[in-house]
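Student: Each chain is listed here by its residues.
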Amino acid sequence: MFRKIRRLFQDDLCSDCASKMEMTRKQLYAMPTQWVGHYVPHTDAEFYKRNLTLVKKKADIPVGMYACGLIAYRCPQCGHRTVKASIFLPVRGEEKMEQTLYFNQGELRIWPD
Amino acid sequence: MENTERIQKINWFYLFLNTLGPAVFMVGMIALGVALPQQFGLLCAFIGFGGAVLWWSFLGHRQYEKKRDHRINALTEQGFTCNHIFHSEGNSLIVDLAHGQVALIFRWNPGKTYIRPASTLSDVHVEDGRSGGGPLAGSSRVSFLFRVDGIKIRVNTFTSNRRWRMDSDYILTGVSKADMMVEALRSAGAKGR
Chain P
1 MFRKIRRLFQ DDLCSDCASK MEMTRKQLYA MPTQWVGHYV PHTDAEFYKR NLTLVKKKAD
61 IPVGMYACGL IAYRCPQCGH RTVKASIFLP VRGEEKMEQT LYFNQGELRI WPD
Chain V
114 MENTERIQKI NWFYLFLNTL GPAVFMVGMI ALGVALPQQF GLLCAFIGFG GAVLWWSFLG
174 HRQYEKKRDH RINALTEQGF TCNHIFHSEG NSLIVDLAHG QVALIFRWNP GKTYIRPAST
234 LSDVHVEDGR SGGGPLAGSS RVSFLFRVDG IKIRVNTFTS NRRWRMDSDY ILTGVSKADM
294 MVEALRSAGA KGR
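If you read the sequences in order, they're chains P and V.
All residue numbers in the first sequence are consecutive under my numbering, ending with 113.
All residue numbers in the second sequence are consecutive under my numbering, ending with 306.
Note that these hints are calculated values from the structure, not bench results.
Some clues are possibly wrong.
To be verified - Derived EDC-like pairs: lysine to aspartate or glutamate, alpha-carbon spacing no greater than 16 Å straight-line:
| # | chain 1 | residue 1 | chain 2 | residue 2 |
| --- | --- | --- | --- | --- |
| 1 | V | 122 | V | 262 |
| 2 | P | 84 | P | 22 |
| 3 | P | 84 | P | 98 |
| 4 | V | 265 | V | 236 |
| 5 | P | 96 | V | 292 |
| 6 | P | 96 | V | 282 |
| 7 | V | 265 | V | 240 |
| 8 | P | 96 | V | 118 |
| 9 | P | 56 | P | 113 |
Bound-form chain P, shown alone (with noise of 0.2 Å):
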């Protein structure tokens, strides 16, 4: 319950033995196929592997456009690898963040390029 409450405010705790995992690859990417007013969730990993296109910074996302932030955590004391999606809209600087979603079973080991 307290480990709950703890990954909570901290997504970067293992969710198998609670300690603090390392990150091992961070990369930004644009959804062309979400548009701002036209936003519809996905929980599926294949979509994510379909429609996302590397970016290199935030700026080269067009105006209006869904962006995701993946980011690859591994545990240093079992092992366990989960991967962090971060959904949200770009706007002037500021993020509109539209959903987060943890994939733990290994659904996005290979990323789009």
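Use these hints to put chain V onto chain P, whose structure you have.
Tutor: Relative to chain P, chain V alone:
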């Protein structure tokens, strides 16, 4: 494809017909109800009152939406590419990026579609409605504006009867929509030049 007819935001006959028409219908039906025998009279009065209330609450708007969609379909048939369609409560704006044109349909003049080259639009900008300073900054309306044929057109992307913080989801969504439409208008304008 463009028409040169002067832009008229309000067709006064249509406006009066929509606002006062149901009232006239209601009064007429009630008057008829008084003249008819009891049961028929009551039914007439009920139809008159109910019809007017329904028209004011949603039937009028539904009828406008039908007309507007019919006009957009007609535009597509004429070869107008509807790359961006934005509906606000007062008007609808359709942007054709391929031909560098914009089409306008107004809530109180749905019988006309005004098509103009996007390059003739001036003073295209976003107004986030910000008031107050620091942590108290907020807004109740976000819109984008432009001037065409000397007439200022405001298209609201967000309106509320209360004030929201500038970092609230509603305001950010409204600003994003307005920024996107302004960029679309500018790209269409650059294409039309």
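Student: Check each numbered hint against the structure and report the violated ones by number, ascending.
Tutor: Per hint list: single violation, 8.
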